[in-house]
Amino acid sequence: MTIAEKILARASEKKAVKPREIVTAKIDVAMSHENADVVLRAFSEIGVEKVWNPERIVLLFDHRIPAESEKTALTHQRIRKFVKEQHIKYFFDMKEGICHQILPENGLSRPGDVMVGTDSHTTTHGAFGTFATGIGATEMAGVWATGELWFMVPESIKINIRGKFKRYVSAKDLILSIIGRLGAAGADYKAVEFCGETISSMSIASRMVLTNLSMEMGAKVAFVVPDDKTIRYVKQRTDEGFVICLPDKNAEYSQTIDIDVNDMKSMIACPHAVDNVKPVRAVAGLKIDQALIGSCTNGRLEDLEVAAEILEGKSVHPDVRLLVIPASRNVYLQALKKGHIETFVKAGALILNPGCGPCLGAHQGLMAPGEVCISTTNRNFKGRMGSSESSIYLASPATVARSSITGVISEPQAAD
Amino acid sequence: MDLIKGRVYKFGDDINTDVIYPGKYLSITTDREEMARHCFEAVYPEFLKNARPGDVIIAGKNFGCGSSREQAAACLKHFGISAVVAESFARIFYRNAINLGLPVLVASGIRDLVEHADAVEIDIEQGSITNVKTGENIPSTKLPGFILEIINDGGLIKHLQKRLSISTT
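These protein sequence lines are chains A and B, in that order. Per the numbering used here, the first sequence runs over residues 2 to 417. Per the numbering used here, the second sequence runs over residues 3 to 171.
Just chain A, same shape as in the assembly (with noise of 0.2 Å):
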């Protein structure tokens, strides 16, 4: 079996299962945010009292923190509430971070069990060896009733990954390139396996940027085939025991893919959809307005140590805004005292607080018509961060941090 057919065998308490049938799962953890509020309320219109299991739902804010309108600050009221009623043990308000850097830091994402989240990129976790995905509100309200969930097995993507990244390269061109060979349906209903001698020299954050744009090809869920650096991660955070799930030697793939990165460029999605991918140098000297590193896919320590190498001394461009936002308030934390952060306020970036920032265009940093952002984030959709008529470069944390100081899209190894 696959780590997907063995993790969903587990939790439906089967033997052996296949693609295509359909099981019903006990939930392990189950996720959600601001959007909490559109489930608590699915959850009182059920009738149900109490939740199935108040220490397996993680609360926490960070879509819109600080609110951002009146709105949100009565949804983040009425979700503290629903806390407090309903004893859920794990709730983490807006000091903390993006879920899918402050659940690997708790010790809540862990090898072997089954997440669900109402995040479509729940998929991250999956860096963990846990199964992991998004669920809507209403489904999330019906996890909360009754701790299961049904699923379709899903047919699984072998992904071999070979080869040492150029400088500057990293694991954020590699999940880009892939996108642009398989498509935005490549892997719809799918789950995806990485493996291979550069992911087992990959560090944790890096792989969490595979697991988390595997949902931008339609991945159910990703997995990072777990090894000791993972059991090491998880066991430095939690007590709680886990069951580790590998593939078997004859596990069964609908597609087996072999990558070697010793050439790989960087590389970029265009607008207005993630598989539009192109190297970095085809879009070279576009004029930039706004450059963003940070967000669920690259707002982790690494992320912010590359872009505080190449901004180190430099000057963002005049014309051009550059937003920070660490991905958590241990990665701020860490970066403080590293000073990457004195660099990037002597640069001239904008600071903001851990969490999603303007990536899902409800705030803090969204644009005008005709302008353009290069982002770390994952999704470019047509007017997700502000107008319709703006658009949305997607790069790694490097091409970025470069672009931002020369005003214009820039390989990250070209001299300024």
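These aren't lab readings, by the way, just hints derived from the structure by calculation. Careful, some of the hints might be misleading.
Listing some non-contacts, in silico: residues in chain A with all C-beta distances to chain B over 12 Å [unchecked claim]: (1) Lys16; (2) Pro20; (3) Val84; (4) Glu198; (5) Ile205; (6) Asp228; (7) Thr239; (8) Asp240; (9) Glu253; (10) Ala285; (11) Asp290; (12) Val317; (13) Gly340.
Covered by chain A, per the in silico footprint, the following chain B stretches (three or more residues, Cβ under 8 Å) [stated by the list, open to error]: (14) 87-96; (15) 157-164.
C-beta: ideal position from N, C-alpha, C; glycine also.
Using the hints provided, position chain B relative to the given structure of chain A.
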């Protein structure tokens, strides 16, 4: 469930949830009429002028890709869209639609069967879609019994109330 009859409103491939329901309106969580007023607003503003309650959305592949926002399915339902038929769906949108009681059908070849503004007839239980004008007919993937049950019950909330024997009177 009775046959669904409606006028076609046609879209292309990869229609994402930001396009269906812009992120700036995500703080609207309960007002159904307000939600319905923002369907496709930013990128296809003509939808709000030209579409009518009862219309059937016909789309290409990967309809509803992107975020998990339930408002993307909810705004269509509250607008009065009677069904969405596509070459394929992104999975979260698909599940959301079912859970809200909005019929969603996968039908390979649907984009060639009908044109914008054609009349269609959909038989969900049998899994078939007919172009009323030409009489041409194609099958849609049959929904498993338990999914049909959720749709027929009017969505997941009512379905769970029934399953958990919760009295709503």
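### Query
Which of the numbered hints are not met once you compare them with the structure shown?
none
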